[in-house]
Structures are given as C-alpha cells and as structure tokens.
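Make a model of the complete structure from these sequences and hints.
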Amino acid sequence: MKLRSLAPIFYILFLMLPIYWLVSMSFKTTNEILSGFSLFPQEFTLENYAVIFNDPTWYWGYINSTIYVTINTIISVSVALPAAYAFSRYRFMGDKHLFFWLLTNRMAPPAVFALPFFQLYSAVGLFDTHIAVALAHCLFNIPLAVWILEGFMSGVPKELDETAYVDGYSFRRFFFRIFMPNIKAGIGVAAFFCFMFSWVELLLAKTLTAVDAKPIAATMTKTASSAGYELGLLAAAGCLTIIPGAIVIYFVRNHIAKGFALGRV
Amino acid sequence: MKTSNPRAWFLVLPVICLVAFNALIPLMTVVNYSVQETFGNNVFFWHGIGWFQDVLGSERFHAALGRQFLFTGIILAIEVPLGVAIALAMPRSGPWVPVCLILMAMPLLIPWNVVGAMWNIFTLPDIGLLGYTLNSILGIEYNMTQSPLAAWITIVAMDVWHWTSLVVLLAYAGLVSIPDAYYQAAKIDGASKFAVFRHIQLPKMKQVLTIAILLRFMDSFMIYTEPFVLTGGGPGNSTTLLSIDLVKVALGQFDLGPAAAMSLIYFAITLLVSWAFYTAMTKDDQK
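Chains as they are written, first to last, in our numbering: chain A, 9 to 273; chain B, 156 to 442.
No lab work stands behind these hints, which were simulated from the structure alone. Nothing false has been slipped in among the hints.
Reference listing, derived: stretches of chain B covered by chain A, where coverage requires no fewer than 3 residues with Cβ under 8 Å from a Cβ of chain A:
1. 163–170
2. 261–267
3. 421–427
Ideal Cβ positions, reconstructed from N, Cα and C, are used throughout, including at glycine.
If you want it as structure tokens, here you go:
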C-alpha cells in the first residue's frame with residue numbers, strides 16, 4: 009500500500025531529473041561545463057541568459073514563435089467552433105466521412121508534408137512569414153480542436169438549444185450569448201492544445217521559415233551545430249522555451265485531465 | 156438524437172477550406188511526384204508505379220519500417236501499462252492532485268527539439284547526469300554514439316519520459332469519472348482489488364485508453380525531431396526511423412520521386428492502423 013502511493017512520486021522525480029539537469033547546465037559557465045562533472049553549478053552565472061536577451065537573433069526567435077502560435081490558436085479555435093457544433097448537433101450528408109477525413113490529417117506525418125508545404129507556400133508568396141507557419145499548423149490543430157470541442161459540446165444537453173430557440177433567440181445570439189459561455193472550459197482546453205502542439209512542432213516551422221519568421225527552436229538547432237559546444241547557452245535557451253508552456257498549463261489546470269481525454273469522459 | 160440538417164455544411168465550410176488547402180494541395184503534389192521521373196531542370200517524365208515498386212522492394216525501406224514498428228511496439232508496451240499503473244496509484248482527490256498533474260504535464264509542453272537536446276545533455280558520457288552516473292559511479296559502459304543498444308535504450312527512455320504522462324492523464328480522467336457508488340457496491344460484494352480493476356476500473360477507462368493508444372500510436376509512428384536531435388539516426392543507421400529516413404531521401408538527397416512514393420506508403424500504413432483503432436472506438440460509442 010505504501011509502495012503504491014510512492015509510485016507517482018518516483019515517476020515525477022524521474023520526470024524532473026532531465027529538466028533539473030537542463031536548468032543546472034544553464035547556470036554554469038562554459039569553463040565549468042567543459043572541465044568536468046558537477047552536480048550543482050559551482051560558479052553560478054546568468055551570463056547565458058544575458059547573451060540570449062541581448063542578441064536579437066535569439067530573442068526574436070521567441071517573439072516569432074509566440075506570434076505564429078498565437079495566430080494559429082486564434083484561427084484554429086474560431087473555425088473549429090461552428091464545425092464542432094455542426095458535428096455534435098446535426099446529421100448531414102457525409103458527416104461521418106468528413107469527421108474521419110479531418111482526423112486523418114492529425115495522422116499525417118509532418119515529414120511527408122515538409123517538401124510540398126515549402127513549395128506551396130513559396131508559390132503563394134507566404135514563405136518566411138508568420139502566417140505561413142500558423143496556417144501550416146492548422147493541418148493538425150484544426151482537426152484536434154474540432155475533436156476536443158465536439159467532445160465538450162456533446163456533454164451539453166440538447167434541450168438548452170431547443171429552449172433558446174423557443175424563446176426566440178437567433179442562432180447567432182444563442183451561440184455567442186448562451187452556448188459559448190457553457191463550454192468555456194472546452195474552449196480553454198482546445199486553445200491550450202492548439203498552443204501546445206504549435207509550440208512544440210519544429211519540422212514544418214523550420215521548413216517554412218528562413219530569417220524573418222524563424223522560430224526559437226530552429227535558432228537553437230543552428231547554434232547546436234555551428235557554434236560548437238556552447239552547451240550552457242543551449243541549455244538556457246531550452247529552459248526559456250519551457251516557461252510559456254508552464255504558464256498556459258496553469259490556466260487550464262482544473263480541466264487538464266478532461267481535456268486530454270478530449271472531453272469524452 | 157441528432158436532427159438532420161443539410162445546412163450544417165455551412166458551419167463546417169471554413170474548416171474544410173482551411174484543411175483542404177493544407178492537406179489536399181500538398182498531397183496532390185506528392186502524388187504527382189510519385190509517378191514521375193525527373194532529370195532536373197523541371198523536366199518530368201511519366202514513371203507509373205515504378206517508384207512504388209522500388210520503395211516497396213528496397214531493403215532500406217524494409218529496415219526503416221521494421222525499426223519503426225519495433226520502436227512503436229516497445230513504447231506502447233511500456234507506456235500504456237506504466238501510465239495506467241501510475242494513474243491507479245494517484246489519489247482521487249486532494250490538494251496535491253493539481254500539482255501532480257501540472258508537473259506530469261510538463262514534458263508534454265517542451266518543444267520536441269529541446270526534448271532531444273535536453274536528453275543529449277543529460278546522457279553525455281562524461282558530463283551528463285545519467286551518462287556520468289552510469290559510466291563513472293556504477294561502472295556500466297554507456298556511450299550512445301557508439302553502441303546501437305545504448306542508443307535504442309536512450310530513445311525509448313526519452314519517449315517514455317516524454318509521453319507516458321499523456322497516458323497517465325487520460326487514464327486518470329477515466330478513473331475519477333467513476334462514481335463512488337461503484338466502489339461501495341464492490342466493497343459490499345467483497346470484491347478483490349483485482350476484481351475491482353478488471354470489472355469496474357478497466358471498463359470505465361476503456362474509451363479514454365483507446366484514445367491514448369490511438370494518439371500514442373500515431374505520434375510515435377510519426378516521430379522525427381526528438382530521435383533526430385538525440386542520435387541523428389545513428390550510430391550507423393541503427394536508430395534511423397521511418398520519418399528520419401524519409402527526410403534524408405526528400406530533403407537530403409532531393410530524390411523527389413522515391414521520397415514521394417515513400418511518403419504515400421508511409422501515410423497509408425499510418426492511416427490503415429489508425430482506421431482499425433477508430434472503427435473499434437466508434438463501435439463502442441454505438442453500444
């Protein structure tokens with residue numbers, strides 16, 4: 009019994025170890041890192057962070073990532089809302105096939121789409137813009153948002169809609185005034201997931217950008233290969249990418265379990 | 156009961172337009188390349204199903220596909236039971252539950268290349284926490300860049316670290332939705348722990364677990380960034396999974412025809428297996 013309740017604690021410890029190592033690395037000087045193993049930073053330094061905050065190629069990486077992730081989240085959730093409503097409330101020609109087709113895009117390996125995406129977005133003149141990455145990430149985020157929202161909407165009794173229509177609400181007023189407040193949690197969770205998957209994806213973001221919209225993750229890979237062994241800098245940049253995720257997860261903390269279950273519990 | 160409403164199509168239209176733009180046009184491009192041969196200068200020749208035959212017959216593809224199935228099989232076999240076990244051991248309520256959930260969700264929110272870089276730093280044989288502990292304290296020889304076995308263990312450990320939490324969160328969501336009355340009834344009947352698991356918890360978790368397995372299958376089958384950053388597919392080709400191989404062919408060698416044919420076969424396999432899961436899932440919905 010005792011051992012059983014310890015299992016989650018051990019698991020969390022296991023999760024924290026690599027993260028601790030990354031954080032600890034980021035506070036070490038290059039000399040200390042190269043001179044050998046040390047469990048804690050001996051000469052605590054903020055130099056690595058100072059480099060990032062003073063170099064535009066570094067901090068613009070963060071700004072670029074944030075811009076396209078935000079655009080993507082807004083587009084995905086706003087187009088997924090009416091679609092999820094249609095799937096959860098109505099039967100229409102081809103609905104099941106359409107839903108499955110949407111899901112298949114969640115299954116498409118980004119590696120398959122990397123090259124054609126590059127050509128497509130170059131052809132329409134959007135290469136190396138934030139909107140290109142935001143649109144490309146819609147490929148997997150819209151199906152996911154529809155899937156999550158549909159789960160949450162199916163949990164709202166249909167009587168709510170019918171009562172509102174009897175009371176003389178138009179569809180639009182009902183949707184914005186009554187229905188959306190009812191699935192607030194679902195919208196939050198869907199936005200969280202869109203944010204998360206757009207934030208962590210690298211292959212497409214890297215393929216579609218060169219300079220102006222380059223994401224932080226791509227800046228990191230370049231540093232890792234070109235600047236030799238600047239492990240401290242790399243670690244500091246890595247630590248900073250964890251923070252936005254930690255912030256958004258705080259907002260949905262009470263719904264996170266249900267959200268991961270796509271609202272279907 | 157859902158009402159029939161053909162006008163619902165208008166509500167779905169924006170989604171269809173956006174996804175179609177992103178999915179159909181690139182997919183058609185891939186199909187187009189897959190049946191043509193080029194000698195450069197944008198001159199293309201009809202090549203029929205030649206590339207498909209080449210790819211399906213090539214040993215390189217078989218090897219990458221084999222490694223991919225091995226990887227997905229191993230991580231599903233570890234992550235699903237482990238995730239369920241941890242979810243079962245979690246308290247059902249209390250002040251620590253949100254804290255645990257947030258900490259557990261942390262790895263899911265780290266960009267994938269950072270996950271790779273983090274594990275790289277963690278496992279460096281001389282200065283990484285894990286590498287140093289194994290090599291210098293426990294005396295186990297461990298070097299990911301030389302031993303294929305060590306590289307495999309590392310990418311599996313990394314994936315377990317990265318994604319087990321997803322299974323935990325899903326299974327936990329299923330568990331907390333079980334009403335207390337079920338447990339009380341089981342207690343009155345004198346049901347054993349295993350009986351409670353087998354007849355109450357497992358059936359209630361079935362739906363979320365299907366989602367978990369489906370998501371884990373899809374994502375592990377498409378995995379690219381983390382192993383690429385960690386091992387680069389090496390040592391040799393030992394950890395070159397399907398998508399790593401595909402990117403090598405497509406962007407590295409710029410062999411558009413074979414790469415396109417390989418893409419389509421890859422996508423078809425993913426779809427086929429996922430479709431099997433999906434039908435199993437919707438069958439449950441109808442009951």
